[in-house]
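Each chain sits in its own coordinate frame; assemble them with the hints.
The chain contents come next:
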Amino acid sequence: MSLLELKNISKIYGELKALDNVNIKVEKGEWVAIMGPSGSGKSTMMNIIGCMDKPSLGEVLLDGVDISKESSKKLTEIRRDKIGLIFQQFHMVNYLTAVENVMVSQYYHSMPDEEEALEALGRVGLRERAKHLPSQLSGGEQQRVCVARALINAPELILADEPTGNLDEDNENIVLDLFRQLHREGTTLIVVTHDPEVAEIINENFQE
Amino acid sequence: MSRRKMFLKMVTASLLRRRSRMLIALLSIAIGATILSGLVTIYYDVPRQMGAQFRGYGANMILVPSGEEKMTLEKARECLSVIPEDQLLGATPYRYANVEMTSRQRTFVAAATDFEQVQATSPYFAVEGRWPEGDREVLVGKETAETIGVKLNNVIELSYKPEDTYVKNTLNMTVVGILETGGDEEAYIFTTLKAMDALTGVSGQLDVMEMSVSAASEELENYVAEISEKNSDMSARLVKRVTKSETTVLAKLQSLVFLVTAVVLLLTMICVSTTMMAVVSERRKEIGLRKALGASDQSIRAEFLGEGMFLGLLGGILGTALGFAFAQVVSVNVFGSSITFQPLLLPITVIVSMGIAALSCLLPIRRAIEIDPALVLKGE
Ligand SMILES: Nc1ncnc2c1ncn2[C@@H]1O[C@H](COP(=O)(O)OP(=O)(O)O)[C@@H](O)[C@H]1O
Ligand SMILES: [Mg+2]
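Read top to bottom, the protein sequences are chains B and Z. If you're matching positions, the first sequence starts at 19 in the numbering used here and goes up one per residue. If you're matching positions, the second sequence starts at 7 in the numbering used here and goes up one per residue.
One chain only, chain Z, in its complex shape (with noise of 0.2 Å):
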């Protein structure tokens, strides 16, 4: 039998005679790496399930030409290949221009968007009447609507005058939806990008393109780093009313996690510490016997290490599986959406676990150490 075979045999033995005790401490350990690997999971999941409930409050990312030139929806696309798609929820492109409408000698902004777009990046936005199907449909802001007194239904009509021609461009539009969004939408009159190239006359023009990314803040950073890089011509900006409301949460929130993982752990520690404390006095005798049998301080330092570690990679597994289901509940629960098992929490809690196992032990081992062989090995 080898030295290793021989140790792993007395470490095991050792624990199995101390079953009852043995088994507190494991839980312990479980429990602590329950809790770590729990939380550890919903913290690295909420930003995206947090990111996709904060989507709801709009667009986060702006993206204008950076010169005098207008850019074309197709150069907008090609700007946003560098966001994948599964986190680039929408883009919708605005295009805005002073309009006239005839009947009532004013003129207001038109805003021209691809409205099942605007329902992904804007999901607030509150409609009256239902969202515009044909080119030949508007939506009218709210504000608009009452100054000028514009009912669902009717047909307005609207001009616009290109500057190099004394020609007007008309066109009759329904109105089939009021547009409700709290913000300065309100003035506006949105109509389809179609209906804009023909009021104007100028085709695949784009003021901005307004996107909402289901991503981290540092991670949207850098998206809009590679955009501007890439694109001299163009600029990517974030709303940083949005996204720093998102970072605060968050970081609110990982404290929250560390903190409470801090004590968890602790707790941990001073119940497996107070376990093998136990188990060294009432081992007092063999340990007395083993030093007398040569065995050298390093030596019983090893064995109390090996069962403690041994504790430490057992709770580990057993916690990360209870942690996976404890942050899945939770998930399911809070967010109402699941998470993936991430592989690299296994070892990581496992080592913790044993890290922190290993740590409780150490005092216990010194008293260990201390014991006298000389002494214990006296009277009856």
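For reference, chain B alone in the conformation it holds in the complex (with noise of 0.2 Å):
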């Protein structure tokens, strides 16, 4: 059974057709680059998927379990268990240390766990930056502990959505080597992007 399969999906908003029927299918352990041009529906795409939208038409199997009808309750509940996201703006909850950014994700997951956290946080280098406001981190540093977060409580899918697009190029390969790491592990990753560098990278990880 594939982790994530889409079955006729549109998605459409008036008269404007943002997704139409679109299939794929992805295995678990897979690591999926999704491109295309700005406005193709690949952020759509990824709500739909990441539990935070419903496709107009269509079937949307995750671990073989229809989400497309679900309730939003039952939405935000697979979202917390099974999906980990990152996003193309480093979205931070600026009020809070990067090592309590990332148990925020713990705490509406399970248990906050500061030295877990902090591992997180070392996996991604930013060990010795785990006291400091999301202000006192450049915007690599940020998408770092976004990184972090989405891997913190362990997802079986981790959805990133242009996660390099604003980073330069040290960052972008940290990120990139993190999910090189990630999918080596066996974590399954759907990753937007339109840099066909990147779309290199993940196609020769995916024929290793």
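Because the hints were derived from the structure by calculation, they are not lab data. Hints are not guaranteed to be accurate.
Said to hold, decoys possible - Away from chain B, derived, C-beta distances all over 10 Å, residues of chain Z:
#	residue
1	Y102
2	Q111
3	S305
Stated by the list, open to error - Straight-line distance between alpha carbons at most 27 Å, and here's what the computed DSS-like set of lysine-lysine pairs gives:
#	chain 1	residue 1	chain 2	residue 2
4	B	K60	Z	K384
5	Z	K167	B	K91
6	B	K87	B	K60
Beta carbons are placed, not taken as given, at the ideal position from N, Cα and C, and that holds for glycine.
Okay, structure coming up:
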């Protein structure tokens, strides 16, 4: 059974078809790149997979469960338990420190555990910056905190919508390295990008 | 770190982050709580204060024997033991008898009493001259003094003929004061109880006991019931004219206090609600992010309620202290006496403040829950 399967998904905004009859299968452990020009519906699709939106038509099977008809309460639970999200903008709670931002994710999921959160920050190379506020971190560092936050609850699926779009090359490489590592450990990743080089890296890894 | 600790951390960090906004909300809660605790304090204290002032208008309770039998002073005192000493401002015994004024060949009502107590129960009695100090000194009511032409320091002869004898008892008395009351008492001649005993030859009998009791009307009713219940041969009654006006004034005061408190609390709610509404719209992105990270509606609600109730707690404590100070100032300036702090006021004020704060958060929380995580995270 595939981890994720989109069957004939359409998302229609009035006249506009943001998604038109999309079919995708993602197996456990795959690292998938989604490419396309701006406005082609990539974010729309990620929102649907991430349980933050519902398709107008079609079915979304996550772990064999059709999430396209679930209540928003149930969708919140599924998202909390199974999905890690990374956004193009590095959204953080701006009055909490780096480690506390990671712990927010633990708090909603189960139990805040500072040691574990510090370890996750260590993985993205920011252990010494744990007590810094977002305003004291660079964009790249913030995005790395967001990666730590996304993987803290060991989700089955990590969704990243243009995660490197706002990053300089050094930070982009750090983030892609992290993804590579997660992929090796067996995490399923779906990464939206419009950067062919990023897609190329993903492709190479997939062929390994 | 436990969930609760994390929750507190998030709530306090968020409050501190928006210090100036939250200070306004806190201030408005504190003001509301101040008015609440201040007015409640005054409200509970005023009956005592006002009671003391009303006590200037005369006795508000009387005690009489219920049958033909007269009562003794001891018996009357025993009945009064029901009333706490600090509430019993005065208890004045009266014994009446028709006495003859020998020189004028006329009879008058003589009222024998305890002059010290009279001054306590009827502070409005005005004496020209002075109050009697010995058993051979009397007060003469103004009306009587005028009809018979008695002046200060005149000596008058009073006599009384007991029913079962032919011999009159006679006493010479000095008029030391003329009494002005504006009431029936102006027709009487006032003597001491001892003088009356000597005149009548019968001692220790009373017709009525007049009391001035500093208590709310409900409490007065209770005392009356208790006295009548414990002593079947006695009957206690309230002087309606006096207690009624006290009750009316207090009832009016009560509705005024309720009205003002309700209005102020309503204003507090509007202010806190507006502030929280602004906070929610400022935090749209953050709320969306929290939801994207898996926050349930319940968690969002708990966080905002937590912030609101934290403000309520602080504001309530602050308001209790300020309110007491406010009530103290009012009491000292208006009634000229200080009040004691009621410990129960703190929890009551805090709970009400927290409740008001929680209510104020309901609408802002609804807005927060409506925020769509997808919309907020999209775009720039
Ligand atoms: N909530 C919405 N209402 C109306 N149109 C929308 C909404 N969300 C996205 N769209 C439209 O759908 C199309 C796809 O958007 P999006 O998924 O953000 O594209 P991408 O992420 O590939 O740039 C765009 O034309 C966008 O304007
Ligand atoms: Mg997009």
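Here's how the hints hold up against the structure:
no.	hint	result
1	Y102	83 Å, holds
2	Q111	101 Å, holds
3	S305	6 Å, violated
4	B:K60 / Z:K384	11 Å, holds
5	Z:K167 / B:K91	101 Å, violated
6	B:K87 / B:K60	21 Å, holds
The earlier numbered hints that this structure contradicts are 3 and 5.
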